[in-house]
Amino acid sequence: MADITVGSRIICEGNYGTVRYLGEVPPTKGQWFGVEWDDPSRGKHDGAHEGVRYFHCRHPTGGSFVRAKKVDPERQTCYEALKDKYGLASDGDTGVNEEDLYVIGRSAKKVMVEMVGAEKVSKQQSHEKLIEVDLRDHKIVSAGPDGILQTTAPNITELNLSKNLLPSWEEVAKITSQLHCLEMLHVSENMLELPEDPASLSPALQTVKIVFYNRVQLQTEQLLRCSSMWPALRELHICFNNITVLDRLGAQFPALTLLNLEGNLLHDWQEVLKLGGMKSLETLIVNDTGLTRIAFKDMSVGEKTDMFPCLKSISISRNKLQNWEDINELNKLQCLEELECRSNPVLSLDTDKMAVRLWLIARIGGLRVCNRSQVAVKERETAEFDYIKKYGLEWLGAGGDPEPDKNKPSLKFQQTHPRFAEIIAKHGAPNKMELEPVTTALKKTLLSVKIVCPSRGDKVFNKKVPGTMTVQKLKILIQRLTKANFSDLKLSYTSGKEDQEEKQEIELDNDMRDLNFYSIENNDVILVQEESS
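Counted from 1, the sequence shown has number 124 at position 124 by full-length UniProt numbering; the numbering is strictly sequential.
Distance windows between CB atoms, simulated: (1) Met299 x Gln252: 24 to 30 angstroms; (2) Gln270 x Ile506: 53 to 59 angstroms; (3) Val6 x Ser200: 18 to 24 angstroms; (4) Arg342 x Glu530: 25 to 31 angstroms; (5) Asp3 x Leu349: 56 to 62 angstroms; (6) Thr244 x Glu24: 36 to 42 angstroms; (7) Ser410 x Thr244: 38 to 44 angstroms; (8) Glu74 x Gly277: 45 to 51 angstroms.
The calculated lysine-lysine pairs, modelled on PhoX-like cross-linking and capped at a C-alpha distance of 20 angstroms, are: (9) Lys497 x Lys464; (10) Lys139 x Lys69; (11) Lys412 x Lys390; (12) Lys490 x Lys503; (13) Lys353 x Lys390; (14) Lys464 x Lys353; (15) Lys490 x Lys450; (16) Lys297 x Lys274; (17) Lys163 x Lys174; (18) Lys209 x Lys174; (19) Lys463 x Lys490; (20) Lys85 x Lys129; (21) Lys297 x Lys412; (22) Lys408 x Lys389; (23) Lys503 x Lys450; (24) Lys70 x Lys29.
Calculated directly from the structure, the hints in this document are not laboratory data.
A virtual CB, placed ideally from N, CA and C, is assigned to each residue, including glycine.
Kindly produce the complete structure, drawing on both the sequences and the hints.
Next up, the structure:
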């Protein structure tokens, strides 16, 4: 334990902590480690014992004293971990089988064959292949001998050092300064001390473009100080930290294209808007941040906001959004193409998961990817037609009319359904007859059909579907069952009656027609073909 000093990171019975004090604690004899634990529930006090202050903790129960024998003795350098995990040849090991260095001579004696350059070639082959290196949870405390990583594995581009025992950014810099190709760095779950002058470490981190710095109890002021260490940074993941305000973040990280704030308790959308001036930001992840609303009040219905001018993707899952109006607001973003939105109260307003996806698509006109699944052109058409059907009567009741000169929907309707005018301009305005609800008897009329997929081993799905289901909706159902590409699906059907010797195959050639139009009956067979687009 001679290498453990104040500031060292240790493990004790599976708990990680930082040594804040070394010495005696009267009236007991012998040396104690005063430890500030990463998990404050592991501690007993704040560094004071029996009225004497030995060290300080951020949490009132974050500290305690332990004996050296309780501390995990296993500790190693980055080089040792690299060598152990990836089996790198040591200085005296060429990587060549010793038996291959001998041949049998005329006198039946072994004769050694000299292999010129074997050691050099072997090392180059093993070292240069290392591009992505994962050393998570390897009890690493330091870099190792000066320059050893540069000669051992010079081509590393991605390095995972998460959950180790590195005490500071200075120690991390001793590792990264040797890796001139490094672009992605994982240092999550390391409680790293910041240097007095973070900018002094920028030469050691000048090639790093992506940083993962999750679960380190990071606060906003500490993060802002880090910015000068990462001059080339483009993607920053700082999940599950203590960041609650976003002041000056955009100014300190102007070149970011991706920012992941998942798990930080922001609570208020106004904090997120402080990032609105980031002109390079393309991806924003604010999952599980306590958001209760989304609003761009600088723009009215149908207008695009100047905020987040390049934002293409946003993730808002596991928040507290309760109204569809919050989703509508995202349509004000100029470039939004991708949305991840799961586990929000608003999504529970409709129990049909397929319908929820369609409402997300219909409300955001530029969406190409929804919850990590591509939005096909036909799926968008289905979503927008269904949106018209669902809210068409409400539109008519609010002053909407198929005749342009009579069409004057109320301001409230426009605010609640800001894309409705755009959708009917694209697909045509509905009339009242089209929107009248079907009778209860018709709703209950279901067809039992067999869905057969020859390209997937003639797998058969027995389903009950309403005769009023459109071909488009049937394709969406089949896409969900088979994981096939929506745009590749071609459907037809044959009669399920056994007394018919020659069964005609009829193509379902119009996505907007319902199954009743094609006279599909109980026990008919839906044939699914997949045609590559």
